[in-house]
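Colleague: Sequence:
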Amino acid sequence: MDDPPPNTAWSPPPEPVASRPRVPHDYGVPDTDEGLLPWSWAEQRLQATGTFWFHTTRPDGRPHAMPAWGVWLDRRLWFDGSPETRRMRNLAANPAISVHLEDGDRALIVEGVAAEAGPPGAELGGRLAAAFTRLFGTRGYSPEPTGWDEGGLYAVTPRTAFGWESFPASCTRWRFAG
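Using the UniProt record's numbering, the letters of the sequence shown correspond one by one to residues 1 to 178.
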């Protein structure tokens with residue numbers, strides 16, 4: 001039997017555009033583009049880590065933060081989990097999400113929308129399984145490429161990201177098209 005066609009809805013979004021974030025003048029963020037970080041700086045950090053802090057909103061409006069595993073691939077953050085977790089129940093009611101790395105001195109924050117991805121197909125499923133295994137195989141998590149065929153795979157499509165290597169000089173905002 002032939003593999004199903006690839007899920008083209010999950011093709012990578014275009015590279016984001018860098019600019020300065022809007023902050024109070026007293027914070028000292030430069031007015032020029034000199035010192036902006038390239039998106040490659042952010043992608044390298046996102047690909048190297050596996051633990052992200054997920055921030056969602058409960059149906060009653062209260063915030064919820066929880067660390068969880070994920071992989072950055074094709075300009076999206078992919079993660080899995082049970083629909084019974086607070087994080088997934090929050091996302092079912094409100095798909096807005098903010099995710100950041102654990103380092104506050106070299107900050108990187110991604111804001112976007114999370115959605116259930118559905119079966120990723122053989123090609124994407126294989127790359128996701130390899131990425132999860134690279135980061136978590138020594139911790140006992142090595143999913144099969146078909147492991148998400150019954151559901152449980154989610155993707156964050158970024159809208160905006162913020163980062164800095166040295167605040168305020170390199171404070172950068174990236175905006176994604178769409």
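Any given hint could turn out to be false.
Stated by the list, open to error - Quick list of the computed label-pair ranges, beta carbon to beta carbon: (1) 167 with 67: 16 to 24 angstroms; (2) 119 with 169: 42 to 50 angstroms; (3) 13 with 60: 44 to 52 angstroms; (4) 133 with 44: 14 to 22 angstroms; (5) 119 with 15: 24 to 32 angstroms; (6) 94 with 67: 39 to 47 angstroms; (7) 144 with 19: 35 to 43 angstroms.
What the hints contain is simulated information worked out from the structure, not anything from laboratory work.
Beta carbons are placed, not taken as given, at the ideal position from N, Cα and C, and that holds for glycine.
Colleague: Each hint needs a verdict: does it hold in this structure or not?
Modeller: A quick look at each hint next to the structure:
Range check, residue 167 to residue 67: about 23 angstroms between beta-carbon atoms, so the 16 to 24 angstroms window is met. Taking 42 to 50 angstroms as the suggested C-beta distance range, the pair residue 119 and residue 169 conforms, at roughly 45 angstroms. The hint said 44 to 52 angstroms for the Cβ distance between residue 13 and residue 60, and at roughly 32 angstroms that hint is violated. The hinted range of 14 to 22 angstroms is satisfied by residue 133 and residue 44, whose Cβ atoms lie roughly 20 angstroms apart.
With their beta carbons about 27 angstroms apart, residue 119 and residue 15 fall inside the hinted range of 24 to 32 angstroms. About 20 angstroms separates the C-beta atoms of residue 94 and residue 67, a value inconsistent with the hinted range of 39 to 47 angstroms. Between residue 144 and residue 19 the CB atoms are about 41 angstroms apart, so this pair conforms to the stated range of 35 to 43 angstroms.
The structure fails hints 3, 6 (numbered hints given earlier, in ascending order).
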